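**Student:** Sequence:
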Amino acid sequence: MNIYLGKNLKKLRVQKNLTQEKLAEFLGVSFQTISKWERGDTYPDITMLPEIASFFKISIDDLFGVNEAETENEILKDLEEYDNITDKKLKQEVISKLKEKHPNDFRILLRYMTYLVHFSDKDQETISKIKSIYENIQENCVVDKIRLSSKRHIIEFYHSLSKRENSGITFSDCEKIIREMPRMKDSEECCCFFYPNNMTDRDTKIQNTIEELLSLFHSVFSHYFFYDGRFSEDWKTDAFGKEIDFLNFIYDDGNYGKMWRNMIYNYGYLAVSFFRIGDNEKGFANLRKSAELAVKFDEMERITTMGSKLFEGKVFDKHTLGSTYSARGQIKHLFTEKYPLSAEIKNSEEFKKIVDLLR
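The numbering of the sequence shown is numbering that gives the first Met the number 0, which starts it at 0 and goes up by one.
Rather than coming from a laboratory, the hints here were simulated on the basis of the structure. Predicted model, so just to flag it, every value in this text is computed and none were measured. You can take every hint at face value.
In silico DSBU-like links for lysine-lysine, alpha-carbon gap of 30 Å or less:
hint, residue 1, residue 2
1, K204, K150
2, K257, K184
3, K313, K288
4, K35, K9
5, K98, K150
6, K144, K100
7, K337, K121
8, K76, K128
9, K98, K9
Start from the sequences, fold in the hints, and give me the full structure.
**Tutor:** Right, dumping it as structure tokens:
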């Protein structure tokens with residue numbers, strides 16, 4: 000159980016406008032002792048707890064933050080549940096309730112802001128909400144990870160607004176925040192190799208870093224080539240083919256870990272590019288590969304152990320991609336509703352056979 004005595008003691012002392020020296024005088028200890036208590040380096044002797052609680056007119060449970068610990072465990076459980084949801088409507092329901100229940104928790108506010116950025120209609124009221132939450136986090140949150148994450152999402156938000164007429168946001172607003180972000184070499188992941196060799200989770204930390212870098216590589220790579228009109232379709236098919244070859248080399252056992260979704264989508268992107276250049280045979284081949292991987296993913300056990308050279312022994316939990324994530328359902332939707340495929344392709348027997356795999 001988390002003990003919040005140090006944090007609560009400091010809060011109570013500040014509320015009474017007491018210095019550490021003055022509180023130490025009242026309790027008959029040194030101010031260095033008070034400082035250690037507040038930092039959580041040490042705790043008061045059990046015989047002093049009633050005296051401290053009586054001085055602040057609270058219970059010993061309140062001094063230790065027993066209720067806070069229970070609330071914290073509840074919040075952590077709720078956040079795990081939310082993070083495993085992929086259904087957009089359900090996400091909205093859950094995060095809205097969490098925000099009402101814990102309006103001052105920055106972890107929840109960040110997720111609420113993220114939901115608004117990625118899934119809501121960007122009307123003026125929503126835009127104001129996003130900006131307000133972002134400013135609140137930047138001004139009042141002391142957790143760097145939360146502050147940086149909110150910056151990343153506001154960058155994406157401002158980038159989309161900068162493309163809209165009369166939004167009041169230009170790319171210079173976006174760039175200003177981009178320049179405030181740390182470089183990759185200053186990240187937690189890039190320090191993973193400093194962990195001692197005898198630490199039991201050292202290999203896992205390094206493997207997680209490699210996957211994080213692969214995910215970042217895919218994100219930048221796909222936006223650079225696939226969504227940029229300056230590159231020809233021939234170039235895109237070649238580029239995406241090389242990425243697929245590279246990832247198949249890395250994940251040589253066929254278990255793609257955190258990159259499962261990216262690999263399934265990659266084959267779909269590659270299929271679209273082949274159809275655009277008129278190579279229907281390769282287009283259908285890559286559509287089928289995308290569908291087959293979606294089926295394989297859905298039929299996998301939730302927990303698997305990876306066997307590729309880089310990730311041998313690493314445990315992969317499918318729920319890291321969302322506990323309700325259905326690869327077949329998502330890919331079928333992309334094939335039939337989202338991908339820019341001609342009526343001729345969609346009416347073909349080959350296309351229908353591929354879609355049948357996803358039923």
